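S.K.: So you can see what is in the structure, the chains are spelled out below.
2 protein chains.
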Amino acid sequence: MKLMPKKSSTPGPRDERGVLAARIVAAAREEFAEHGWAGTTIRAVARAADVDPALVYHYFGSKGGLLDAATNPPQRWLENVAKVWTTPVDQLGTAVLTLMLASWADAEVGPTLHAILQTAAHEAATREKLRRVVEGSLMGVSQLGADERDRLVRSGLIASQTIGFALMRYVWKIEPIASMTDDEAIAAIAPNLQRYVGGQIQ
Amino acid sequence: MKLMPKKSSTPGPRDERGVLAARIVAAAREEFAEHGWAGTTIRAVARAADVDPALVYHYFGSKGGLLDAATNPPQRWLENVAKVWTTPVDQLGTAVLTLMLASWADAEVGPTLHAILQTAAHEAATREKLRRVVEGSLMGVSQLGADERDRLVRSGLIASQTIGFALMRYVWKIEPIASMTDDEAIAAIAPNLQRYVGGQIQ
Numbered sequence: 001m002k003l004m005p006k007k008s009s010t011p012g013p014r015d016e017r018g019v020l021a022a023r024i025v026a027a028a029r030e031e032f033a034e035h036g037w038a039g040t041t042i043r044a045v046a047r048a049a050d051v052d053p054a055l056v057y058h059y060f061g062s063k064g065g066l067l068d069a070a071t072n073p074p075q076r077w078l079e080n081v082a083k084v085w086t087t088p089v090d091q092l093g094t095a096v097l098t099l100m101l102a103s104w105a106d107a108e109v110g111p112t113l114h115a116i117l118q119t120a121a122h123e124a125a126t127r128e129k130l131r132r133v134v135e136g137s138l139m140g141v142s143q144l145g146a147d148e149r150d151r152l153v154r155s156g157l158i159a160s161q162t163i164g165f166a167l168m169r170y171v172w173k174i175e176p177i178a179s180m181t182d183d184e185a186i187a188a189i190a191p192n193l194q195r196y197v198g199g200q201i202q
Numbered sequence: 001m002k003l004m005p006k007k008s009s010t011p012g013p014r015d016e017r018g019v020l021a022a023r024i025v026a027a028a029r030e031e032f033a034e035h036g037w038a039g040t041t042i043r044a045v046a047r048a049a050d051v052d053p054a055l056v057y058h059y060f061g062s063k064g065g066l067l068d069a070a071t072n073p074p075q076r077w078l079e080n081v082a083k084v085w086t087t088p089v090d091q092l093g094t095a096v097l098t099l100m101l102a103s104w105a106d107a108e109v110g111p112t113l114h115a116i117l118q119t120a121a122h123e124a125a126t127r128e129k130l131r132r133v134v135e136g137s138l139m140g141v142s143q144l145g146a147d148e149r150d151r152l153v154r155s156g157l158i159a160s161q162t163i164g165f166a167l168m169r170y171v172w173k174i175e176p177i178a179s180m181t182d183d184e185a186i187a188a189i190a191p192n193l194q195r196y197v198g199g200q201i202q
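Listed in order, the protein sequences are those of chains A and B.
For the first sequence, position 146 (counting from the first letter as 1) is numbered 146 according to full-length UniProt numbering, and the numbering increases by one without interruption.
For the second sequence, position 54 (counting from the first letter as 1) is numbered 54 according to full-length UniProt numbering, and the numbering increases by one without interruption.
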């Protein structure tokens, strides 16, 4: 991730650079989320961020560099995900789903997740990042199960349900999944997640 | 879908055309499934099918036309999906999952589903096709629930779990989900699908 340009090629004061880079990344997230890899151009991102396309190249080097920056989940989100796994086990299904719903509603995290899912098909690098996000965030830090494999199976099953639901609800927008209220989603899905947390699965 | 070339531009006997077109479509499925939209070229498809690239253009017009042909689910699969919804309700969870596992193992259906999921992010047309496949096959013909919305919510939830599992197992190949046996998958997931079929979800 190269959010900051090299010192030797400073186009403006340090603060301005940070602000402009953040604005470009935010615009890139929206473009990649909406149009995928092939449908996104540096020019369109620059227009949405109200900067010159040359500045995008200057900061991020290439469309690939821009994608990399746009699909890095914010640190505070990774911390929230790690924290959710410390929820008491009997409330974990609801806690995971509640965090997932809040994440997609977040102005920064939602487009990042959307961009990752939209571009994972295209770029080997994004697919690898998606694998790392799923393994690290959704599976890696859980403490479920009787042994290591059981832990990974259970957290993998939780990931499979939350990811499939997120795709239908937020990315493909298939009704009536897309317009269910959060409370309806929790009532419908949390008990299934809870079975993966602590139920008999074999 | 333009599997057959126009009669006026016949490059060979009728049978040969069918055979060649089918070979090109099969190669295209594999390429789109593996490399997505942006990573697939007519040239690579022609090479894999052992035909001249000009013949691919002749039969399918463009990369978009080829994608359309490659992502049309076989009729026999659509019929199998329709039939599975007539399974007695108390066995439906297992039946849906068993069909899903068999579909991905099928030499023709597996790459088709894979290609749809891999390219849905890119092409509005493929995303629309995916929506039609999910709504028509996975949701449309079910007879669950107390009313129309309940029917669509239940079948949509079933779709969300089966699609999320398929992505992790077959497309992103995340372990240990990717290497679970079919029996393990059924034991783990079918009861959750069964809850969506007939359980209390609100």
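There may be inaccurate statements among the hints.
Note that identical chains are pooled: a pair holds if it fits in a single copy or bridges any two copies.
[Stated by the list, open to error] With a cut-off of at most 30 angstroms between alpha-carbon atoms, the simulated DSSO-like pairs for lysine-lysine come out as follows:
no.	residue 1	residue 2
1	K129	K83
2	K63	K83
3	K63	K129
It is worth saying that the hints were derived from the structure and are not from the lab.
As the structure is a computational prediction, the values presented were derived from the model and not from experiment.
S.K.: Give a verdict on every hint.
M.R.: Status of each hint after checking the structure:
1. K129 with K83: Intra 21 angstroms, inter 38 angstroms, cutoff 30 angstroms: intra-copy only.
2. K63 with K83: Answer is neither: 33 angstroms inside a copy and 46 angstroms across each miss the 30 angstroms cutoff.
3. K63 with K129: both (16 angstroms within a copy, 28 angstroms between copies)
Against the hints set out earlier in the document, a violation occurs for number 2 only.
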